[in-house]
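K.L.:
Here are the chains, one letter per residue:
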Amino acid sequence: MITAFLASRRVRAFARHRLGLVGLVIVVTFTLVAVLAPWIAPHDPTTQRIATARLEPPSAQYLMGTDELGRDIFSRVVHGARISMRIGLIAEGIALLIGIVLGAAAGFFGGWVDNLIMRVADVFFAIPGLLFLIVIVAIFGSGATTIFLALGLISWPGEARVMRSEVLRVREREFVTAARALGLRDVAVIARHVLPNALASMIVIGSLGVAGAILSEATLSFLGLGIQEPLPSWGTMINRGQQYIFTAWWYSVFPGLVIMLVVLGFNFLGDAVRDALAVEE
Amino acid sequence: MFQYVIRRLLWAIPTLLGVFTIIFLLTYLMPGDPVRAVLGEQFQRADPATIQRIRDQLGLDDPWHVQYVRFLYRSVTGDFGRSFVLDESVRDIVGYRFPRTLQLMAAALLVAIIIGIPAGILAARYRYTWIDHTLMLVALIGVAMPVFWQAILAKIFLTQDTYGIALFPVAGYGGGNPYYMVLPALVLGTHLSATIARVMRSSLLEERAKDYTRTARSKGLADDKVILKHQLRNALIPVVTIIGLDVGYLLGGSVVTETVFNWPGLGRAVVNAISRRDTPVIIGTLLFGAMLFVVVNIIVDVVYAMLNPQIRYT
Amino acid sequence: MNLRRRLLLALVGALLATGAVAQGTFNYPISADPEHLDPWRSTTVATRRVLVNVYEGLTTLDGLTAEVVPGLASSWDISEDGLTYTFHLRQGVLFHDVPGVTYEDREMKAEDVEWSFLRYLSEDTSVSQHPEYLIGLQGAEEYLAGEADGVSGMRVVDDYTIELTLKAPNHRFLMDLINAYVVPREALEALGPDLSNRPVGTGPFVFDHWNRDDELVLRANPEYWEEGYPIIDGVRFVNVPEATTELLMYREGDLDILLNFPTGQLNSLKAEFADQYHEQPGLNVRYWGFKMDEPPFADNLALRQAFNHAIDRELIWDVLMEGARVPATLGVLPPDIPGSDVEGYAYDPERAKELLAEAGYPNGEGLEPITLYYFATADDAPNVAFQDMLAQVGVQIVLQKEDTSTYWTHIGEPDVKLFLSGWSADLADASEVLDFLFAHGRDDTHYDNPEVNALLDQARATADPDERNAIYRQAHELIMADAPWIPSGYSKISYLLRPGVEDFQVSAAGTYRTPLKYVRLP
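Chains as they are written, first to last, in my numbering: chain Y, 1 to 281; chain S, 1 to 314; chain A, 1 to 522.
Keep in mind that a hint or two might mislead.
Said to hold, decoys possible - Partner residues are not named here, just some residues of chain A that face chain Y (Cβ under 7 Å, in silico): (1) S268; (2) A381; (3) D388; (4) Q392; (5) D403.
Claimed, not checked - If the Cβ cut is set under 8 Å, some of the chain Y residues that face chain S in the computed set are: (6) I127; (7) I139; (8) G143; (9) A218; (10) V263; (11) N267; (12) R274.
No lab work stands behind these hints, which were simulated from the structure alone. Where is the CB? At the ideal position from N, CA and C, for every residue including glycine.
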């Protein structure tokens, strides 16, 4: 089974896609970093050394230097992976869940169901996401939970649209028609025949969505509405660090590079899956 | 076609009502008090009687359904009322700031198209070569950098001789001088140009796999000519769609871009209004943005139809 | 602007740059636009910063000493009982000559003062938001309530004399008059509501134009009453919302002054612009406030004192924030205010631990984690350091940053026990802080000490400044003994000024009160 999977054309196409592999490595690495953060980080991410090690440049002791409170930036970046990955993955998970269910329903049933769901999607499309986020944070406070819930709640329409078009694409194929003719219930047909076919597209859009969610958290931090201190958040680090750009470049540059790397990783991954799909078509 | 547009416009009504309702409920739920913003630092100096008079005159203590109907009525009649805090009507706020945001968005779109489409074509034409990889890597880096971070780097390296070269003004509207628009448009457009390049590339590749391309090629047409003559038109369809959907992104992105470049646009006005709990402005501007989004997407669909004669609207 | 940019500008210059700076205009950054320019409703620093250059009151603030000095009134007499003020107006003061406004008489006279002042006493908040400036006049309350046609305590004696009579002596009256501007009636009649976007007054500068969120331009008033002033041709307020941008613009010469320092660049900028850096003490105090009527801080003086001793204010402001503020080692009053010289709570973690035990929480045991609320526009770092310093003595603090508007309404509620706040005194007078924050439970701390209330009432009615300040000092000591705050830092007014710019007069009241008419450009 595994050999058959590895030998499949899609997997081979993916493996040929070198950037895709790089992306996979990046994503897996950061997931591991997030999980193993306490064992990887050399220092406690919240220990302050204002009097002794404020804004120290990178050294053997502090790999990425220290911030204005004397906290080790490397340890904060490592622990920040937990927060950013969690926000990215959960937010996109929520968006995918809502998007898949509603998109599948819209595509499969058509008619007024389709119309209703797509009009609701239009409503969410028409409200600029960032502004929606700002308002939600003003109401519920800027915790990680608020942020990923809000992000999930506003990003599903894109997912739903893609899902819907995937369903429309496979709905009329023989095997689906046959399954329905055999008397399988709609839900079963969707779950057994439509979803697996749409899965790959969902991976593509999902990986891009994770990247987008991580960037959104960073932007929120820029507006002063990010994760609460003293929790390490990449977005907050870049934003606070940019104030020190002329005196302590490491403060914002390292978290900036890390965000870029992770976002790149998810994008590479998504692209590679997309290209692998194109081979099949 | 005409009927189609009318039908789409009619469909926009429930959408806009939904947008209005969500925005209204959110602003109603937002804790905080516009009176505080009206009085600013002097809040504690003001006597409670004055504060209560302001509340009454703004209608802040009315029940939610009264306020809902009031704002709905105003929105329908197109008179969005006056800002709670600024001495401006919502119409003036939008009327003055929107053209400036539009300038910026148009310039960003132009940047995105000028960079994105040729990059996408080149990458597809030289698929899997170093040209493709380099272009796509650059495009991805464009996607991967937070907008505010790009803006800061751009300002450090392109406006100062200390660290880079002083090519552009640091910030400001410059009385409409297009020269002041270059940097903000670049920053706002980077993300979109990267997206366009990637979509252009993949949709061109899809076209190249299709039968008509093979036929054309077997007739002996040169590769570049095939691209230009046959594939480009079809490949542009998804690009146009992406542009339509990204109007929302541009509106959101303009918030940050306008802040770091002192641009007197609508994005900043909305954020200020939110932080001041200036409900009429929040509702008016976001509803305006939603209308814009709807209209642009109708236009996009019309363009879509023109590019793709197979699609017929009934 | 350097040469390369100029060349490019010429190349691109299909549209001419109106942003190009005319010689003699002072380029002045503002981080936010004024909400409006209405003299009767101006409340924020943002509106004042512009209006003090366009409008004038009977009195004004001295640019350097922040003392009350003659404005449109060249002198005044105060009756023995301290109730009646007779103002002698300056002669030959002309209202701004602007298109669209025709005057019967352009000279500012007592009737104009009366008309402007009556408008302050309006119940309609869309007309006036400052009845309190003049509400102390005899008959003012009746007028405000619509029960009288005029104010009995306001009498026009002749064209150049106006007499104002108070219900009770109030040493703050002359200070309040600084902000009670004299406005020409004809301008309101001609412009209507538009006057709040196009101010017309007697000041040294005439309003020119305002492109919102972009620039607001004033030009010199050629007919200004003070001979030889203003010196500069005009002022251009440039909207710059972000500190790093402001710095880059200053470096490039787009601005003549920098007011907003990016956090963490103070030390390096002081070195880079050693000849352009100026600083002096200001009148703002920042503090962490306890909710005085809610557990755990209610009725637990030792706990509040323990918190006070646990905080190293010098480390926070001198090291962490690079000297952005003066560490609040005294009391609740900034050092420039008479009566501020009381003893503060010194940093002493050992003493803090002792007090914590005395408070019933040895090593913090039994004390639930306390949430510190602060607002989104405040710097995070001092609060994060605060959390750490309290952790050192065993107290758990949770940080909660809130959107600024949410925060301001939230801190008054009972669930908030500890919050960051700040206060700006307009003038170097103890009443500016004590009356607003420590009288009758009025502030969000709900601090209410009958003894202090009585002293403050007594001080307000005391005419002799030395005697008054002695009473204020006494009240201040009582307040500090109750420890309703952890004073954090006193503001510094710091700015960079382009070399050769002279007479940018700054008093403790802050740069927004600077009379720009005296500024001289190189």
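K.L.:
State for each hint whether it applies.
P.N.:
Consistency of the hints with the structure:
1. A hinted interface residue such as A:S268 counts as satisfied when its beta carbon comes closer than 7 Å to some beta carbon of chain Y; here the least separation is about 5 Å, so the hint holds.
2. Checking A:A381 against chain Y: minimum C-beta separation of about 6 Å stays under 7 Å; hint holds.
3. A least Cβ separation of about 5 Å between A:D388 and chain Y falls short of the 7 Å threshold, and the interface hint therefore holds.
4. Restraint check, A:Q392 versus chain Y: the minimum CB separation of about 10 Å is more than 7 Å; hint violated.
5. Taken as an interface hint, A:D403 checks out: its beta carbon lies about 4 Å from the nearest beta carbon of chain Y, inside 7 Å.
6. This hint holds: Y:I127 has a C-beta 6 Å from the nearest C-beta of chain S, less than the 8 Å allowed.
7. The restraint placing Y:I139 at the interface with chain S holds, with a minimum CB-CB distance near 5 Å, inside the 8 Å limit.
8. Among the interface hints, the one on Y:G143 is violated; its C-beta lies about 15 Å from the nearest C-beta in chain S, farther than the 8 Å criterion.
9. Checking Y:A218 against chain S by beta carbon gives a least distance of about 5 Å; that is within 8 Å, so the hint holds.
10. The beta carbon of Y:V263 comes within 4 Å of a beta carbon in chain S, closer than 8 Å, and the hint placing it at the interface holds.
11. The closest approach between the C-beta of Y:N267 and any C-beta of chain S is roughly 5 Å, which is under the 8 Å cut-off, so the hint is satisfied.
12. At about 7 Å, the closest approach between the beta carbon of Y:R274 and any beta carbon in chain S falls short of 8 Å, and the interface hint on this residue holds.
Going through the hint list in order, the structure does not satisfy hints 4 and 8.
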